[in-house]
Amino acid sequence: MAKPKVAFYWCASCGGCEEAVLDINETILKVAEAVELVLWPVALDFKKKDIEAMKDGEIAVSFINGSVRLDEQEEWVKLLRKKSGLIVAFGACAHLGGIPGLGNFCTKETIINRAYKEVPSLDNPKGVVPQVKTTLNGYELTLPEFYDTVKTLDQTIPVDYYLPGCPPPPDLIVNAVMAILKGELPPKGTVLAPNKALCDTCPVKDSKPEKLTITQLKRPYELKIDPDKCILAQGVFCYGPATRSGCGETCIRANMPCRGCFGPVDGVVDQGAKALSMLASIMGVDGEEKMSDEDVKKLVSQIVDPAGTFYRYSLPSSLLRRKRIA
Amino acid sequence: MSKNGFEPKIVVFCCNWCSYAGADLAGISRLKMKPQFRIIRTMCSGRVDPALVLYAFNKGADGVLVAGCHPGDCHYGAGNYKARRRMAMLTNMLTQLGIEPARLRLEWISASEGPKFQSTINQFIDQITQLGPFNKAKEAVGAK
Numbered sequence: 001m002a003k004p005k006v007a008f009y010w011c012a013s014c015g016g017c018e019e020a021v022l023d024i025n026e027t028i029l030k031v032a033e034a035v036e037l038v039l040w041p042v043a044l045d046f047k048k049k050d051i052e053a054m055k056d057g058e059i060a061v062s063f064i065n066g067s068v069r070l071d072e073q074e075e076w077v078k079l080l081r082k083k084s085g086l087i088v089a090f091g092a093c094a095h096l097g098g099i100p101g102l103g104n105f106c107t108k109e110t111i112i113n114r115a116y117k118e119v120p121s122l123d124n125p126k127g128v129v130p131q132v133k134t135t136l137n138g139y140e141l142t143l144p145e146f147y148d149t150v151k152t153l154d155q156t157i158p159v160d161y162y163l164p165g166c167p168p169p170p171d172l173i174v175n176a177v178m179a180i181l182k183g184e185l186p187p188k189g190t191v192l193a194p195n196k197a198l199c200d201t202c203p204v205k206d207s208k209p210e211k212l213t214i215t216q217l218k219r220p221y222e223l224k225i226d227p228d229k230c231i232l233a234q235g236v237f238c239y240g241p242a243t244r245s246g247c248g249e250t251c252i253r254a255n256m257p258c259r260g261c262f263g264p265v266d267g268v269v270d271q272g273a274k275a276l277s278m279l280a281s282i283m284g285v286d287g288e289e290k291m292s293d294e295d296v297k298k299l300v301s302q303i304v305d306p307a308g309t310f311y312r313y314s315l316p317s318s319l320l321r322r323k324r325i326a
Numbered sequence: 001m002s003k004n005g006f007e008p009k010i011v012v013f014c015c016n017w018c019s020y021a022g023a024d025l026a027g028i029s030r031l032k033m034k035p036q037f038r039i040i041r042t043m044c045s046g047r048v049d050p051a052l053v054l055y056a057f058n059k060g061a062d063g064v065l066v067a068g069c070h071p072g073d074c075h076y077g078a079g080n081y082k083a084r085r086r087m088a089m090l091t092n093m094l095t096q097l098g099i100e101p102a103r104l105r106l107e108w109i110s111a112s113e114g115p116k117f118q119s120t121i122n123q124f125i126d127q128i129t130q131l132g133p134f135n136k137a138k139e140a141v142g143a144k
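Protein chains in written order, with the working numbering: chain A, 1 to 326; chain B, 1 to 144.
Isolated chain A (complex conformation) (with noise of 0.2 Å):
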């Protein structure tokens, strides 16, 4: 019997999880074994034309990381959804839009003139700035087109599954193969990880007391964070409550708040505002019905850049999706 045909693409995303592949560690063999690699960039080398030559739903599954921001990316994922059976949304990227959806924030125009014209270490002293066709000795190069809002995949593509993390630790991934080896797979559009919040299966969850309250934010530089005691306990803002279990608590084990990676449990329509509606509701202090308004703003003002706390990973998937452009 042929081996099973495996895609691996990369669209916008910092390559981490492409290590996240190689932490598999000695089961990559076992995968390897098992399936065919059709395509894999950032190791193998594979041309589109190969991909374009296939037929349709020949690829068994791709896996795709990264969040979607060029139109090479879209056609790309278009072209993987068009010859794979199964699509594999891989990281939080994939998933929820991750870091680079954060430049959702700006507009394209912003983000190319920082980077090309504003950077205090920048040398360009023409002010070059990439250009989708451009004319140089006759011939013309082009690049990809470059867009004002970053997307998930599945805003671009129909996604089967989710691999939620940042990067997806290896039991989900190893989990996530094996399941779609035997093929022995959950319904589709279901996120490969437990259902539960992360404070469920914290380290330090029998800590957390009963009735917690914060009314004096601080963030991690600011204090010696106890192991042993429950992060939010301490007055520091962890997403633990608003987020989903998989990850192994390994930020928590390193002493740092939870950031919300993996995203929100089934049924949650925007993550963001369900950690802010968490972390305002802890709030609460003694005497607060003689509180002003003024009061009550300069409390939840502690939080300086909520839109960036909440939404770290998960701003092109909220219901807003991005910062309005007048």
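Hints listed in this document are in silico derivations from the structure and should not be mistaken for laboratory results. One or more of the hints may lead you astray.
On the chain A side, residues computed to face chain B include the following (Cβ under 8 Å) [to be verified]: (1) 55; (2) 289; (3) 297; (4) 301.
The C-beta atom is built at its ideal place from N, Cα and C for all residues, glycine as well.
Once you've looked at the hints, dock chain B against the given chain A.
Relative to the frame of chain A, chain B by itself:
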């Protein structure tokens, strides 16, 4: 209808115990109000998840008003304080996302304050009419 023909869509979340009764009182007292609002009754203003507000904007609301019991009067004790903190934080976040903070308003309206419901609605509708329509961000990929 305003001069430029823009009629705002306003979503009003009213808590069951105070503000909805206040709205009811405004109605049975036959107080005249501008008609461009829709009331959604929630058990408490503390039930108004920030996502509901964002959802309303996403679905075409031009302004969202959240109305609850006065401080100290919440049927559940502290729901209105939670609403106040949430809406204040949400206002900060909306500003970052390029949305005028005036499009979201929180008011305390008791069951006996029919006239306050009326004046709040009229004022808010005027304010949003002046602000103009809420334009959803350009979603088009490749918007140049």
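For this session: Kindly indicate which numbered hints from before are broken by the structure, ordering the numbers from low to high.
Result: 1
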